[in-house]
Amino acid sequence: MSHNSKKTGEDEPGREQENTNSRRDFFKNFGLFGAVAAVGSAAIYSGYNYEESKPGHDMVKVLTSDNRIVEVPRDQIKDVKVDHDKLQKQGREGLKGHRFVMVIDLAKCRNARKCISACQGAHHLRPYEYHINTLVMQESEHTAPYFMPKPCQHCDNPPCVAVCPVDATFKRQDGIVLIDNERCIGCRFCIAACPYSARLFHWEEPLMAESDKGKPYNIELNIPQRKGTITKCLFSSDRLREGKLPYCVSACPNGVYYFGDENQDAVTNGTTKETFRLSELLRVNAGYQLMPELGTKPRVYYLPPKNRLFDFKEEKDPVQETT
Amino acid sequence: MASEVNTDFLQNKKLDSIAADILKPVGITQGFIVWMGFLGIGLLACIYAYYIQFDNGLIVTGLRDYISWGMYIANFVFFVATSLVGMLISSVLGLIGFKWVKPIARIAEIIAVAFAAIAGLVIVSDMGRPERLPYVIMYGRIQSPIIWDVTVVTTYLVLSTLLYFLPLIPDLAISKGRIDHAPKLLQQTYEVLSVKWSHTSQQYKILLKAVRILLILIIPTAFAIHTVTSWLFAVTLRPGWDSSIFGPYFLTGAFVAGSAAVVILMYIIRVNYKLDKYLTSYHFDMMGKLLVLVSIVYLYFNINEYLVPGFKMKTAEAIHLKDLFVGEYAFMFWCVQLMGLVIPIILMLFKFFRKPLSLFVISIVVLVAAWFKRFIIVVPTQDHPFLPIQHVPKAWTLYQPTLVESAITLGTILLAVIIITVLVKFFPVIPIWEIAEEQNEADHKINE
Numbered sequence: 490m491s492h493n494s495k496k497t498g499e500d501e502p503g504r505e506q507e508n509t510n511s512r513r514d515f516f517k518n519f520g521l522f523g524a525v526a527a528v529g530s531a532a533i534y535s536g537y538n539y540e541e542s543k544p545g546h547d548m549v550k551v552l553t554s555d556n557r558i559v560e561v562p563r564d565q566i567k568d569v570k571v572d573h574d575k576l577q578k579q580g581r582e583g584l585k586g587h588r589f590v591m592v593i594d595l596a597k598c599r600n601a602r603k604c605i606s607a608c609q610g611a612h613h614l615r616p617y618e619y620h621i622n623t624l625v626m627q628e629s630e631h632t633a634p635y636f637m638p639k640p641c642q643h644c645d646n647p648p649c650v651a652v653c654p655v656d657a658t659f660k661r662q663d664g665i666v667l668i669d670n671e672r673c674i675g676c677r678f679c680i681a682a683c684p685y686s687a688r689l690f691h692w693e694e695p696l697m698a699e700s701d702k703g704k705p706y707n708i709e710l711n712i713p714q715r716k717g718t719i720t721k722c723l724f725s726s727d728r729l730r731e732g733k734l735p736y737c738v739s740a741c742p743n744g745v746y747y748f749g750d751e752n753q754d755a756v757t758n759g760t761t762k763e764t765f766r767l768s769e770l771l772r773v774n775a776g777y778q779l780m781p782e783l784g785t786k787p788r789v790y791y792l793p794p795k796n797r798l799f800d801f802k803e804e805k806d807p808v809q810e811t812t
Numbered sequence: 003m004a005s006e007v008n009t010d011f012l013q014n015k016k017l018d019s020i021a022a023d024i025l026k027p028v029g030i031t032q033g034f035i036v037w038m039g040f041l042g043i044g045l046l047a048c049i050y051a052y053y054i055q056f057d058n059g060l061i062v063t064g065l066r067d068y069i070s071w072g073m074y075i076a077n078f079v080f081f082v083a084t085s086l087v088g089m090l091i092s093s094v095l096g097l098i099g100f101k102w103v104k105p106i107a108r109i110a111e112i113i114a115v116a117f118a119a120i121a122g123l124v125i126v127s128d129m130g131r132p133e134r135l136p137y138v139i140m141y142g143r144i145q146s147p148i149i150w151d152v153t154v155v156t157t158y159l160v161l162s163t164l165l166y167f168l169p170l171i172p173d174l175a176i177s178k179g180r181i182d183h184a185p186k187l188l189q190q191t192y193e194v195l196s197v198k199w200s201h202t203s204q205q206y207k208i209l210l211k212a213v214r215i216l217l218i219l220i221i222p223t224a225f226a227i228h229t230v231t232s233w234l235f236a237v238t239l240r241p242g243w244d245s246s247i248f249g250p251y252f253l254t255g256a257f258v259a260g261s262a263a264v265v266i267l268m269y270i271i272r273v274n275y276k277l278d279k280y281l282t283s284y285h286f287d288m289m290g291k292l293l294v295l296v297s298i299v300y301l302y303f304n305i306n307e308y309l310v311p312g313f314k315m316k317t318a319e320a321i322h323l324k325d326l327f328v329g330e331y332a333f334m335f336w337c338v339q340l341m342g343l344v345i346p347i348i349l350m351l352f353k354f355f356r357k358p359l360s361l362f363v364i365s366i367v368v369l370v371a372a373w374f375k376r377f378i379i380v381v382p383t384q385d386h387p388f389l390p391i392q393h394v395p396k397a398w399t400l401y402q403p404t405l406v407e408s409a410i411t412l413g414t415i416l417l418a419v420i421i422i423t424v425l426v427k428f429f430p431v432i433p434i435w436e437i438a439e440e441q442n443e444a445d446h447k448i449n450e
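These protein sequence lines are chains A and B, in that order. With my numbering applied, the first sequence closes on residue 812, and no number is skipped along the way. With my numbering applied, the second sequence closes on residue 450, and no number is skipped along the way.
If you're looking for bench data, these hints aren't it; they were derived computationally from the structure. There could be a bad hint or two in this list.
Here are a few chain B residues that face chain A, going by a calculated C-beta distance under 7 Å [what the hints assert, rightly or not]: (1) 130; (2) 136; (3) 139; (4) 141; (5) 386; (6) 388; (7) 421.
Stretch-level coverage of chain B by chain A, calculated; a stretch enters the list once three of its residues show a Cβ under 8 Å from a Cβ in chain A [said to hold, decoys possible]: (8) 67-80; (9) 313-324.
Glycine is no exception: its CB is placed at the ideal position from the N, C-alpha and C atoms.
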């Protein structure tokens with residue numbers, strides 16, 4: 490499948506260049522820095538300017554949000570409270586002008602599970618709590634089994650959002666379905682409604698409840714996680730806001746994931762960083778969606794597990810082993 | 003209910019004896035104290051169980067991500083279902099003009115009020131964040147069936163309470179001079195609650211009009227509460243829930259559970275209060291016939307619900323149905339269908355089994371089966387989601403209710419029984435004035 494994609498590049502060298510550029514623009518366009526960085530650097534700067542003329546202080550090197558290393562006096566460093574309301578507002582609005590999509594190439598997945606651990610690390614989840622899970626699939630007895638990473642499908646007709654009684658889970662303009670754990674009442678109707686089993690519930694205190702205590706709630710990262718509420722794959726919307734690829738996409742060593750913007754018809758492979766035309770990639774490789782007959786209109790596409798790069802070898806279940 | 007009330011019955015000698023019979027058990031007795039003490043201690047233990055859950059989260063239940071609705075939701079459906087009988091007996095049968103429901107109507111309303119009131123609590127026991135309950139009103143979104151459910155269950159509770167209370171007012175007025183044996187506080191309560199009722203025919207006219215309006219209003223409300231409750235499942239895409247007959251299927255099932263509950267309460271009242279003059283074998287016979295009728299209708303819906311998908315055996319449905327028919331849930335499934343439906347129907351076709359004691363026993367079996375039927379509807383469907391359950395702890399794939407969970411569920415049942423006990427013990431359980439009026443009319447007919 491990957492040689493198909495390459496061929497597309499070779500046929501149209503100009504196209505490849507164009508794609509790379511558009512990708513650069515694409516990430517530059519929404520390369521707005523997080524509220525933490527912006528407010529933080531402003532505070533650091535003011536301290537820096539003021540103290541610049543007075544030598545003899547204990548100086549500390551800090552990295553500003555525009556990647557410059559500056560020195561500030563240690564006693565001038567202040568913790569900056571990030572505006573909770575701002576995080577909520579930008580989190581609910583989403584990133585204007587984008588329609589995010591993910592493409593998962595099943596031919597390349599060998600169950601490295603790096604996507605899973607990166608995701609669980611970022612979202613402070615236990616090893617058996619999955620925003621993304623790699624399933625072993627087999628259509629019928631005589632067909633070959635394959636590994637299938639399964640994140641939230643970020644449906645355009647999301648059954649979970651339809652049933653939520655309090656607007657805790659919602660669909661953003663950029664296509665991402667998020668969950669607000671400050672609103673969630675824990676009725677679990679969305680779990681019942683989701684055909685992809687994409688949602689999980691915090692039955693007990695979340696893994697890092699203690700250390701996350703007091704952090705301003707970032708709805709795009711869903712941290713701090715809260716007991717008695719739902720959590721789910723967020724398409725790493727906090728990373729997208731910074732112009733980066735999602736945690737799982739960047740962590741994959743095997744080039745399984747492509748991520749990008751439907752509006753720009755471009756997706757970037759998280760491993761090779763090559764950018765492809767989305768429509769072309771799906772057409773040439775016979776891309777498909779999971780259970781489209783349910784009418785959920787998923788935003789995650791799969792490329793079929795044909796000509797697999799890796800043989801299927803089922804490893805011992807990592808969770809069953811430890812629990 | 004007659005449109006005009008002849009207040010002559012107040013002068014009738016029979017009123018005294020009727021009132022004496024019905025008011026005799028009112029008040030605090032030793033048996034009552036023991037019974038309430040037993041319920042109270044049980045309830046305290048169950049409240050402690052809820053405290054454990056509130057403190058630790060739902061981890062103390064057997065629920066996990068895949069089977070995330072279990073005993074609590076089944077219990078909720080059971081409570082809503084049982085409460086529907088108030089509508090069936092008072093409204094449907096009453097408005098059609100069946101005279102035999104008169105002494106039973108209040109018993110049915112007591113069950114409706116108690117079960118509808120507790121249904122709300124049951125749903126809170128399932129919430130991960132019970133303290134956020136006000137959010138349902140603050141941030142409610144109209145397209146979520148949960149909001150519809152909250153709205154209609156509350157409406158039904160209000161209407162049922164009014165339907166219980168309004169016809170009680172004349173009785174309280176009749177009773178207030180006749181309960182010297184009861185505690186002072188209760189006498190004062192009667193005084194207040196009887197709202198200066200003076201038995202004028204004008205008052206009766208207004209009362210009957212109000213009750214009639216309520217009886218009509220409560221029919222669509224009752225249909226709505228259980229239909230909407232069924233939609234909590236039917237609006238999802240899951241095989242086993244994704245069914246278009248879920249509304250009527252739940253509704254007819256509700257009448258079975260409710261009728262059985264009424265028979266049980268009737269029998270307990272009849273035996274303990276020695277009211278066999280008012281709750282006669284005839285009433286049990288009629289309730290038995292009603293139970294047969296609603297059970298047959300429910301059986302019909304069961305056949306539709308299981309036979310049609312069973313004939314086609316679509317992939318996902320087939321896994322679910324095999325689990326029910328021959329798999330993990332087969333024992334419970336067939337017990338519920340046979341003990342709760344088929345066998346009672348056959349038995350109750352014979353007059354012997356519609357006698358008070360045998361009908362009481364059958365009703366207990368039917369009611370217990372009705373609870374497990376809700377479990378069968380709620381739980382097995384979640385065992386088989388569309389995508390396989392993998393890489394999770396083994397315990398997550400198998401739902402086993404825990405002790406804490408069972409205790410909380412038991413607590414809600416105890417609470418309903420407490421409400422029923424209080425209403426049955428402190429207020430007249432049979433409408434005195436309606437019985438007296440009926441007697442009076444009968445006397446008149448004989449005299450003429």
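Results of checking the hints against the structure:
no., hint, in the structure
1, 130, "holds (2 Å)"
2, 136, "violated (9 Å)"
3, 139, "violated (10 Å)"
4, 141, "holds (4 Å)"
5, 386, "violated (11 Å)"
6, 388, "holds (5 Å)"
7, 421, "violated (25 Å)"
8, 67-80, "holds (count 4)"
9, 313-324, "violated (count 0)"
Of the numbered hints given earlier, the model fails hints 2, 3, 5, 7 and 9; all others are met.
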